[in-house]
Every structure is written in structure tokens, then in C-alpha cells.
Amino acid sequence: MPEPVIAVDNLVKRYGETVAVGGISFAVERGQTAALLGGNGAGKTTTLSILLGLLLPSEGSVRVLGEDVLRHRYRVLPRINFSSPYVDLPHRLTVRQNLSVYARLYGLSRRRERIERLADDLQITPFLDRPAGKLSSGQKTRVALAKALLNEPEVLLLDEPTASLDPDTGDWVRSYLEDYRARTGATLLLASHNMGEVERLCSQVMMMKAGLIVDRGSPHELVGRYGRANLEEVFLHIARTPEFEPEPVL
Amino acid sequence: MNRSAGTAFSLGRVWAMLLRYLYILKSSWPRTLELLYWPTLQVMIWGFMSQFFSQNSSYVARAFGVLLGAVMLWDVMFRSQLGLSISFLEEMWSRNLGHLFATPLRAYEWVISLLAMSVIRVMIGIVPAALLAIPLYHYSIFAMGLPLLAFLAVLMAMGWALGLAICGLILRHGMGAESLAWTVIFALSPVSCVYYPASILPHWLQPVAWSLPQTYVFEGMRILLFEHVFRTDYFFAAVGLDIVFMALGIAIFFVFFRNARHRGALMQMGE
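In order, the protein sequence lines correspond to chains C and F. Numbering (the numbering used here) for the first sequence: 1 to 250. Numbering (the numbering used here) for the second sequence: 1001 to 1271.
Everything labelled a hint here was simulated from the structure, so no lab data went into it. Mixed in with the good hints, there may be bad ones.
[Claimed, not checked] A few chain F positions that, by computed beta-carbon distances, are all more than 12 Å from chain C:
#, residue
1, Leu1022
2, Ala1116
3, Ala1177
[As the list claims (entries may be wrong)] Facing chain C, according to a computed beta carbon distance under 8 Å, are these residues of chain F, among others:
#, residue
4, Ala1016
5, Leu1019
6, Asn1096
Beta carbons are placed, not taken as given, at the ideal position from N, Cα and C, and that holds for glycine.
Please build the complete structure, drawing on both the sequences and the hints.
Below is the structure:
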């Protein structure tokens, strides 16, 4: 059986006495789209940051594409990428300059062609030479996605990929991500609290609450297990039911 | 997809970061002007003052360029520290560390690009001011010859050591520590003996002055201008101290960089 593309085992992150992630384990298979679903402070972004090696865990192991991220993150980083609305691109650089710098950081050859092809795909060509700070939210999201796809990542980590987008742009981004996964066989892991997005894109959902995974399954399984109409109702049930209050891990 | 990002060191990645800072510099002419503004202003003020002193003081009359040279060399150290710190702060201001360090960029490659950018910023600021002094005062700092290169190297290394330590402190304490980039170096100026010899200082303060590499440069510059002698003993003492301060600066930066990875600051840090 092939090793999962993402394998997280007993991951813990503590900040002093505060437990941000309390010992979670999960695996994501190649070509799958999975989601970490939970409210604010559930530990989703913390988990993604550890997967990228931006944050060091207190305990546990993380393997991505068969490599131990904590020991060999530089073997992994050229093959993965991420997008987050909470991390910006320099505002005074044009979109093209920003993408060009990142293309160089990934050591890409034929940078100009790659940027122009992505710009065409993501419909950002008209504002390639505009400063990144002068773009609308929707345009910024598409540029961030272009940055995240520059190296054609085998694993794409997305932190709330459609946050603050209007429904039309959000739908366009989701369609693009579906198409990217189908075309490249990439593995996608989303951190989100957008239920519709997760239901549409993901085959596996890890429901997080206060740093723990309190339930998991496909959206269909979760909806059936709780006898609810949709994933949003499952989310609200878990958020408001005390028995899902996890014990702190110290 | 053709990518070659797995190597432990890549000049391409250093160039990418340098290019990024050049784009930033190019995108704002007031910032470029600011680089030129202060050194030029300093040279003008101190140049006219030196002209006045030269007619009224036997000390300065013997070596007209002593104050002007000191002003320019002090600015080299200040600008090399500030040049490094400002490029670093650009990343903080744009909340961009999360993106950068999710790429194969190594922290030491980033540091090398910051050093290179510091050299560029110093040159943009200092060279026009030095050239301006030639027609205005018939004084050329370049007349010092090869010793000038030795002075520049020592001062820039000390500026980098301070800059790296300051960047480390900003990584540790967040943007609240930003003002250190503009203030720390001025705390050192009284004991750096820029405009006066170390012997003027109280006895108890002199060991502090002689523990700083820049003191050897300014003393050495005065000896060069007055006696036309380049003190190699001063130069090697300054290089030795530079190595100590650089090691400290690098250690502070990398310890706090790793600490930032423990605290999750790379994702959060910014204005």
C-alpha cells in the first residue's frame, strides 16, 4: 500500500500552557482533497503552518511526500506550495515582479512562459503590471493562487482559499482548484470554515475543535452520521454540543 | 515542471531576493532620494563647518578632511546597518515571511541578500555625497587610497553585525522593537570616537571605546591624515573585533529566527 502523501501522527503544539493542537493524527492519500474544518482557534492554521515547516511542533511527526518535514523540509518545499489570505505579497511590487521573484525562489526555468501561462489560466493578464497593493480582494486571491501554483505543486495547502470573496469569484476559484487536482493528480488540503466549499471539494473532512480532531469522514458520511441536512448543521452541532469538548492534553 | 530548488545554497535564490529589494527601491523614488538626502546634507553641514575651523583652529588646519572624512565614514557604518535593517523591515511591513519561508529559500540566503542590498544602499547614499565634496571643498575622501577600502570593510562589517542583531531582536519582540533600527547605532556614537580621539574620554570609558572596531578606524583615519601612516595593528585589531561582533550578530539573528519558528511568528509577524 503506498504511503500517504500527508501523514500526521500525534501532532502537538503548545504555547506555554495553551494547547493549540492537542495530539492529532491524520493521513491524506495522493490525489485526494481533504479539509480541516473548524471554528476560529480550532488549530487549522497551526496545523498547516507545521506542515510547511514554518512552525515547529512540540511533539509528533509530520511526513509529506514521504519526507520527514521536521528534518528534511527543504526536500519537500520545492514540491509543495500554499496560499493564505493572512500572508500578503509586497504591495508596491507589480504582480509580474512578485511572481517573477517567487519563480526564481523555486528555481524554475522558463519563468516568463510559466507566468504568462498561469496569468492566462487565472485571468490575471490585464493586471500583471499593476502593483499588488492596488488589486481588489478577488484579484488578490487569484494572484495568490498563481503564486501557489507557480511550481506546479504536488501538494497544495490552502488556508481559507475563498475567504472574503464574493460568491461568483469564490465559485470560480473552487472550479479552478477542482480542475487543477483532476489535471495534475495533486493532493489538496484545505483549512476552512466554509461548509459549502468543503462539501463540494473534499472527499475527507477532519472536524477540529479546540486543537483536536473530534470526528472525521466524507461530507456524506458526516451528514448521515449526525442525521443532519448538510455539513453546516453538523458543524453547528459539534460546536454547540458539550460532549465534543475535548480534554486538554498537557 | 522543471525546477531546481533542492540545493543547499543557490545564488539564484539570493539573486531573487536581491531583485525583490531592487524592485522595491525602484518603485519609490522618495525612498531613493532619502538614501541620498542625509549623507549629502551631512557633508554640506560638516564641510562648511570644517572650512570655518580650518581658518580658526590649528588642529583642523593641519588636516582639513578629518571631520569631513569622519562624517562620511560614520555614515558608511550607519547606512550599512540601516540598509540591512530596512530591507528586513520591508518583509515585516508586507507580512510576507510566511510566503518566503514556505519556498526553498534558506535563512542564510536571505541574510546574504540583505547584506548585498546594504552595500547597494550605502553606495547610493555615500558615493554622490563623497563626489559632491570634491567641487565644494576640494576634498576627496578617495585620496586616502587603499586604506579607505580597509576602513570601509571594517565599518560595513560592524554595521552588518548591528543590523543582524537588531533584526533578530525584531523577530523576537515584534514590530515594537522596530525603532531599534534607527536608534541603536547613535547610542554607540559617543564611544566610537568619530570626531575626537579616544584619549578625550574619561579613563573608565576608554576600554569600552577600544572594544569597538570603529574606534580603531576613526583613530586610524586621523593618524593617516595627520601622519600619513596606515596603522596595520589598528586594522587587524578592528578586523578581530569585527569577527567577534559578526559572530554575535549572526548568532542573535539565527537563534531568534529559530525561536520565531517555535512561536509561529513567521506566519503572523507584520504591522
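Results for each hint:
The claim that leucine 1022 of chain F is not at the interface with chain C is violated, since a C-beta of that chain comes within 12 Å of its own (minimum 10 Å). Taking the minimum C-beta to C-beta distance to chain C, about 15 Å, the non-interface status of alanine 1116 of chain F holds against the 12 Å cut. At roughly 20 Å from the closest C-beta of chain C, the C-beta of alanine 1177 of chain F stays outside 12 Å, upholding its exclusion from the interface. Of the supplied interface hints, the one on alanine 1016 of chain F holds, with its beta-carbon coming within about 3 Å of a beta-carbon of chain C, less than 8 Å.
Annotation: leucine 1019 of chain F was flagged as interfacial toward chain C, and the flag holds, the nearest CB pair being 6 Å apart, inside 8 Å. Hint on asparagine 1096 of chain F holds. Least Cβ distance to chain C is approximately 6 Å, under the 8 Å limit.
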